[in-house]
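Colleague: Spelled out from the first residue to the last, the chains are:
2 protein chains.
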Amino acid sequence: LKTEIKASCIQFCPEFGDTVGSINRIFELTTKAESDLVVFPELITSGYEFKDREECFSLSIDVSNSSEFANLIEIAVKTHTYLVLGFPERAGDQVFNSSALISPSGETNIYRKIQLFDREKEIFDPGDEAPKVIKTEIGNIGMMICFDWIFPEICRSLALDGAHIICHPSNLVLSYCQRAMFARSVENGVFTITCNRYGVERRTDRQLQFTGRSQILSPKGKLLAQASENEDSIIFANIRPADADDKKLTDLNQFFEDRRPEFYQRLQTK
Amino acid sequence: LKTEIKASCIQFCPEFGDTVGSINRIFELTTKAESDLVVFPELITSGYEFKDREECFSLSIDVSNSSEFANLIEIAVKTHTYLVLGFPERAGDQVFNSSALISPSGETNIYRKIQLFDREKEIFDPGDEAPKVIKTEIGNIGMMICFDWIFPEICRSLALDGAHIICHPSNLVLSYCQRAMFARSVENGVFTITCNRYGVERRTDRQLQFTGRSQILSPKGKLLAQASENEDSIIFANIRPADADDKKLTDLNQFFEDRRPEFYQRLQTK
Numbered sequence: 726l727k728t729e730i731k732a733s734c735i736q737f738c739p740e741f742g743d744t745v746g747s748i749n750r751i752f753e754l755t756t757k758a759e760s761d762l763v764v765f766p767e768l769i770t771s772g773y774e775f776k777d778r779e780e781c782f783s784l785s786i787d788v789s790n791s792s793e794f795a796n797l798i799e800i801a802v803k804t805h806t807y808l809v810l811g812f813p814e815r816a817g818d819q820v821f822n823s824s825a826l827i828s829p830s831g832e833t834n835i836y837r838k839i840q841l842f843d844r845e846k847e848i849f850d851p852g853d854e855a856p857k858v859i860k861t862e863i864g865n866i867g868m869m870i871c872f873d874w875i876f877p878e879i880c881r882s883l884a885l886d887g888a889h890i891i892c893h894p895s896n897l898v899l900s901y902c903q904r905a906m907f908a909r910s911v912e913n914g915v916f917t918i919t920c921n922r923y924g925v926e927r928r929t930d931r932q933l934q935f936t937g938r939s940q941i942l943s944p945k946g947k948l949l950a951q952a953s954e955n956e957d958s959i960i961f962a963n964i965r966p967a968d969a970d971d972k973k974l975t976d977l978n979q980f981f982e983d984r985r986p987e988f989y990q991r992l993q994t995k
Numbered sequence: 726l727k728t729e730i731k732a733s734c735i736q737f738c739p740e741f742g743d744t745v746g747s748i749n750r751i752f753e754l755t756t757k758a759e760s761d762l763v764v765f766p767e768l769i770t771s772g773y774e775f776k777d778r779e780e781c782f783s784l785s786i787d788v789s790n791s792s793e794f795a796n797l798i799e800i801a802v803k804t805h806t807y808l809v810l811g812f813p814e815r816a817g818d819q820v821f822n823s824s825a826l827i828s829p830s831g832e833t834n835i836y837r838k839i840q841l842f843d844r845e846k847e848i849f850d851p852g853d854e855a856p857k858v859i860k861t862e863i864g865n866i867g868m869m870i871c872f873d874w875i876f877p878e879i880c881r882s883l884a885l886d887g888a889h890i891i892c893h894p895s896n897l898v899l900s901y902c903q904r905a906m907f908a909r910s911v912e913n914g915v916f917t918i919t920c921n922r923y924g925v926e927r928r929t930d931r932q933l934q935f936t937g938r939s940q941i942l943s944p945k946g947k948l949l950a951q952a953s954e955n956e957d958s959i960i961f962a963n964i965r966p967a968d969a970d971d972k973k974l975t976d977l978n979q980f981f982e983d984r985r986p987e988f989y990q991r992l993q994t995k
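Residue numbers (the numbering used here), protein chains in the order written: chain A, 726 to 995; chain B, 726 to 995.
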């Protein structure tokens, strides 16, 4: 495990439907960030507001068999960067709102969003397994996507599985999340990197305004970096991933040890 | 269920060991508050920093057989108020850091803190069951005590069981909680009333500074009322308990319905 890493969060506004353009920008910005880890927003290769499932399917990317995903792997390899980004993932006749972690050696892990927001339910298939922690030399990485933030169970599960850094590609339209992530960091003692997009999309009967203000929080809830609400930004922090192993609050409290799971059974049902 | 109620949070600083004095103040302040519900801080009948378990035992109150608890019931009855307050609870040879909900009809429900903070572990027995929701005419009430806030499982369980209002007697010395309760309110869509004490206690080798800033938050995370950090305060809000039944975020999201408990199994172990 590296002692210290440079973790960046790259907020930008994709042009809807321009997958090639977005991938080019991902390459350009990742190169510029010169970081061990970069996190991009949700659905950054495509834009957010699909007219229907068919349109989403046409802009989706097959992880194992597409030039687009091969290009993304190439970016991680060429820039020696762990790359996290959201994209519409095609898998047979299914399409997921997914996040990839691509390592500099080209290894890929995928998380498929399990809790879909609003009309995403009409576009995507819901994810089919719980998010997993990926062990890397820059720390144990957990991914969650946008709306997952409101379910404390997700970040908690990742942290219990040893995550140091929660990478959180987002396309936020509500105003709660950035504030609430303070709790996610401190209740779990983890770094959280919420990478949001900004800008406006109007492709259906409604206009969506994304809220920017991407942020990096420490395990103690310190705001290490924050972007503005309406512009391209590369924000970063030099962090020590192992800081997230320390769950000590007082001489007598390790707050993960203090949990009493025998009383948490209610969480297993709706 | 009443449509609207007046909920108050009464922040004060007890004199250590003066149980009679504290109960008198509880009577005086509850009368003054003229509310349907009042919440007092944790361990408000005794003060916080016991020298040892023996001292705590000597200041503890037996719910079923003591003049002190009979007096507290009398206050609820006389003032027609639902009273929530923290106290050291004696039960045989055990002593718990407990919170009572006493109804105007004299009915009593107790929650015994299950997650103890710091030296409380040397003083108290840990609670022996999960907190429960109590159905009343002023809403479904859940109680959690101070440090319980850092375990999202507690507030979540209460909300899933239908709590409208989370009453949260506290003696906070750290600075995280008031900020983090924003997440507790919005992730669960519940009212939260964090009643903290203020002031300094120095009874052992350390000095404790309590942080005040008691607060009432709406299910949407709106700060309805907040006390200062260093003075007696009665803060209140006129709230509609049934607002907490509404878990709708968008036309397609009821965020409790959206939970995927099949993926939350990790929470059942440490």
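One or more hints might be untrue.
Pairs count within a copy or across copies, as identical chains cannot be separated in the list.
Here are the simulated BS3-like pairs of lysine-lysine, each with C-alpha atoms no more than 25 Å apart in a straight line [claimed, not checked]:
1. Lys-757 with Lys-776
2. Lys-860 with Lys-846
3. Lys-846 with Lys-757
4. Lys-776 with Lys-973
5. Lys-757 with Lys-803
6. Lys-945 with Lys-803
7. Lys-846 with Lys-947
8. Lys-776 with Lys-947
9. Lys-973 with Lys-757
10. Lys-846 with Lys-727
The hints are simulated quantities; they were obtained by calculation from the structure and are not laboratory data.
Colleague: Could you run down the list of hints and mark each one as holding or not?
Modeller: Hints, one by one, checked against the model:
Within a single copy, Lys-757 and Lys-776 get their C-alpha atoms no closer than 33 Å, and across copies no closer than 58 Å, so neither meets the 25 Å cut-off. For a Cα distance limit of 25 Å, the shortest separation of Lys-860 from Lys-846 qualifies neither inside one copy, at 31 Å, nor across copies, at 35 Å. Taking the shortest alpha-carbon separations for Lys-846 and Lys-757, neither the intra-copy value of 35 Å nor the inter-copy value of 51 Å comes in at or below 25 Å. Taking CA atoms no more than 25 Å apart as the test, Lys-776 paired with Lys-973 passes between copies only; the shortest distance there is 23 Å, against 48 Å inside one copy.
For a Cα distance limit of 25 Å, the shortest separation of Lys-757 from Lys-803 inside one copy, 12 Å, qualifies, whereas the shortest one across copies, 70 Å, does not. Taking identical chains as interchangeable, the C-alpha atoms of Lys-945 and Lys-803 are never at most 25 Å apart, the minima being 34 Å within one chain and 45 Å between chains. For the identical chains of this complex, Lys-846 and Lys-947 are neighbours neither inside a copy (34 Å) nor across copies (28 Å), given an alpha-carbon limit of 25 Å. For the homomeric pair Lys-776 and Lys-947, neither the shortest alpha-carbon distance inside one copy (39 Å) nor that between copies (34 Å) is at most 25 Å.
Taking the shortest Cα distances, Lys-973 and Lys-757 never come within 25 Å of each other, neither inside one copy (37 Å) nor across copies (41 Å). Taking the closest pair of Cα atoms, Lys-846 and Lys-727 never come within 25 Å of each other, the shortest separation being 39 Å inside a single copy and 36 Å across copies.
When held up to the earlier numbered hints, the structure conflicts with 1, 2, 3, 6, 7, 8, 9 and 10 and fits the remainder.
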